[in-house]
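There are 2 protein chains.
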Amino acid sequence: MSDPAPADLLRSLRDALGDRHVLTDPDLVAPYLVEQRGLYTGRAPAILRPGSTQEVASVVALCAAAGMPVVAQGGNTGLTGGGVPEGAVVISLERLGAVREVDPVGATITVGAGAILAQVQDAADQAGMLFPLTYASRGSARIGGGIATNAGGLNVLAYGNARDLVLGLEVVLPDGRIWDGLKALRKDNAGYDLKQLFIGSEGTLGIVTAAVLRLFPKPRSWGVAFVGLPSARAALDLFVHLRDRADRDLTAFEYMPPFALDLALRHGKGAVRPLAGEHGAYALVELSSCRPGSDARLDLETVLGEALETGLIEDATIAAGAGQAEALWGLREAVPEAQTREGGSIKHDVSVPLASLPDFLERANAACLAAMPGLRPCGFGHFGDGNIHFNLSQPLGMDRAAFLSHWSRFNRIVHDIVHEFGGSIAAEHGVGLIKRDELIRYTSPVALDLMRRIKTALDPHGLLNPGKVIRPPE
Amino acid sequence: MSDPAPADLLRSLRDALGDRHVLTDPDLVAPYLVEQRGLYTGRAPAILRPGSTQEVASVVALCAAAGMPVVAQGGNTGLTGGGVPEGAVVISLERLGAVREVDPVGATITVGAGAILAQVQDAADQAGMLFPLTYASRGSARIGGGIATNAGGLNVLAYGNARDLVLGLEVVLPDGRIWDGLKALRKDNAGYDLKQLFIGSEGTLGIVTAAVLRLFPKPRSWGVAFVGLPSARAALDLFVHLRDRADRDLTAFEYMPPFALDLALRHGKGAVRPLAGEHGAYALVELSSCRPGSDARLDLETVLGEALETGLIEDATIAAGAGQAEALWGLREAVPEAQTREGGSIKHDVSVPLASLPDFLERANAACLAAMPGLRPCGFGHFGDGNIHFNLSQPLGMDRAAFLSHWSRFNRIVHDIVHEFGGSIAAEHGVGLIKRDELIRYTSPVALDLMRRIKTALDPHGLLNPGKVIRPPE
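Listed in order, the protein sequences are those of chains D and U.
Take 1 as the starting number for the first sequence in the UniProt record's numbering and just add one per residue.
Take 1 as the starting number for the second sequence in the UniProt record's numbering and just add one per residue.
Heads up, a few of these hints could be off.
[Said to hold, decoys possible] Rough simulated footprint, nothing fancy, chain D against chain U, three-plus residues with beta-carbon under 8 Å:
hint, segment
1, 54-66
2, 164-178
3, 190-197
4, 245-257
5, 426-436
[Claimed, not checked] The calculated EDC-like cross-link candidates involving lysine to aspartate or glutamate, where the alpha carbons are at most 20 Å apart (straight line), are:
hint, chain 1, residue 1, chain 2, residue 2
6, U, Lys183, D, Asp449
7, D, Lys183, U, Asp164
8, U, Lys347, U, Asp437
9, D, Lys218, D, Asp122
10, U, Lys183, U, Asp193
11, U, Lys347, U, Asp416
12, U, Lys183, D, Glu420
13, D, Lys183, U, Asp449
14, U, Lys269, U, Glu326
15, D, Lys218, D, Glu101
16, D, Lys183, U, Asp359
17, U, Lys218, U, Asp122
18, U, Lys218, U, Glu326
19, U, Lys218, D, Asp244
20, D, Lys183, U, Asp399
21, U, Lys183, D, Glu438
22, U, Lys218, D, Asp237
23, D, Lys183, U, Glu438
24, U, Lys183, D, Asp359
25, D, Lys218, U, Asp122
26, U, Lys183, D, Asp164
27, U, Lys183, D, Asp416
28, D, Lys183, U, Glu420
29, D, Lys218, U, Glu278
If you're looking for bench data, these hints aren't it; they were derived computationally from the structure.
Where a beta carbon is used, it is the ideal one built from N, C-alpha and C, also for glycine.
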């Protein structure tokens, strides 16, 4: 910790929140300074824990008056360093954790930004509804962070990204004013759609304090399968086949190259090989339906049966029940941690137009292998969204740190190919610190100018999460 | 027509587009000055018909340099006066009508802003896909206008508003620069989501010249029913029942009070009473499914059978085939024109949270009747979206003009109630001219300030569609 806050400001902040909620003790402050990959360690003169929207507004106003920058933090589970303070005060939203209201008729839920994702899901579930946003950190990620980063995850195919699930927002602006946009409407064209500005802008334009979110009918049947295919191209053909026949019942289509399955089997707890033989590519597929009397498992059997007959797939196992379904999902979900256990990895969270996914994987795999023989590319993930976590595991026996020193070099190789395909170098995790310079490289001057104009219009003094997403012009 | 353009500017515009595409002849200009309800007649020194994005950029740059404001126009089918020029040059996008590309694997279509909605639908259909955006003016409305107004229509329940269907945009900015955001990605968090700024901002921040839009699998079966219910409250119960059981197969839930059905039967061509008896409320319901072997008609029979047994509905007729389905849809679609034939009508395009729809209808009906006995309220439309076209037909025998002179008074009554329910006074048609002052009345100072900051950041000289949506501060 460094950059102590001016004594006057600290005193005002303590007056506003009470001493207990202004942390300056280094031990208490420490957890708010690091992000989970350990790539960054920040510094902050204080951690503020306001207990209400009004308190958030008050402390933001105090900081603004003192010229003190602020960084909003939810569960601090981000993967890009977007919540790491670089001398700014941290405003933790953790005490704004209430589920304010569940409306099963309107199919909405109103929550404080600090509500933990799993708690939002549970509250919806208890009301007989589904809140579909979900990802690995659901037990500690807070919904405000998911909204601020427009998080994706495992259910995007049928239900969309966080942006698609937000109906209304309450936001504290950089000068401490509160914008109350907590509407629960499916249609609203009364002026500019202000909430869109704050979703996905990573706390650089405003601090989300509450949201109205969409709920959906709860599925009544599921089918989960693990499929063996000859190639990524076959996976694309299978995806199109399934989308055409299952449409919005197709709730997941996750891709794993053979190396990803190897990793999951090697490091995953109790992981069992799902198919007898080995294949060039694998897909985890889920259908679900809320229709009474539906049998998504049978539907899946039918469409995969067709795919087997026409030679589109080589083999498939369909989960007989919830336990087996969980085990198959477990293989896919084991990959990120398994890759960490396998040594150093250089990560990319990219998307390309769906039709070019197989070409992208081929090109990117070849280019990375050419740049470092022995490297083990592991492009896996949300295939149906065109979103691949194109991670590179270090060559066996290489020094971890030596490998990681090539991070920028591989970024360049992979992102250049993504760019060539008209893709995105920041598909679902956001930009934060880690991709801020890459963003500038791959974004047109016109787009950068528009982003800077927006930033300047809403946060003219650059007080909110400074240095993240978009750098000021040099 | 008035306000002649400076001769220098006209000469440059003619040089840029050719004489044929700079219209100043009053007869040729006239159609671009009126909107279809005849509420406004504009004035414009010239109509420009650029033939490419580059030409749009060139003429915008020329106008910007001359300080000449511009209004973009698509099919000029808007209902709010948003495309009416008030002394500005009109830039018609009609020559940018090409369907540039259909990608059935990626499930996207790339179109020029001037493409007619029906042509976009047809191009998707020919590729075996569905482009779901649809509304009454589909034969002449152009897609750029639908995007600029975030149009809704008949398929929002399952597929969303125009905003939800846009993956990428190409936009000419107020200074004539082109922002190329024509990405075809389902996930992209690389910086601020700039396209959201232009969708629904009615040409006040930029001129949409092309878009990448989402396509969906084409339904393989349909079921359409006309349902008689005791009340709007019962309609809400039925909607929740259907949503729970059909989920995303529920593709339409349209509401008609008895007076709306009367109007359709009185004025609709060949309209036939769909149910033997009379009921307190009516709903037109559609299920559809792309699953091979699905039978949405049978599904609809099942869920409506349950609703009949539990007394949720009083009667229903299910279309036996496409012809009958069209006839039922025809009753709903006949309402707007039938209401015009019935005399003067004062219109409101509003939305409220779904659960409060019955209360809203009751309150608004009573308040309007109290204000003018004999008035015939006709709140009908997209019930499932919480969106009601709350239109008021004049009392029988009253003078049309005398009735219409009460427009503002009824706006106040209806919009006050909408506001009380946390609703929107501009649900799907936008703000334009007709609701500009109403918007200011019902929008918080914080929200207005944000909107003005955005307008100023993107269009500092106020050259794009001046006076629409958001007025400059006084």
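**Asked** Of the hints stated earlier, which fail here?
**Response** 1, 20, 25 and 29
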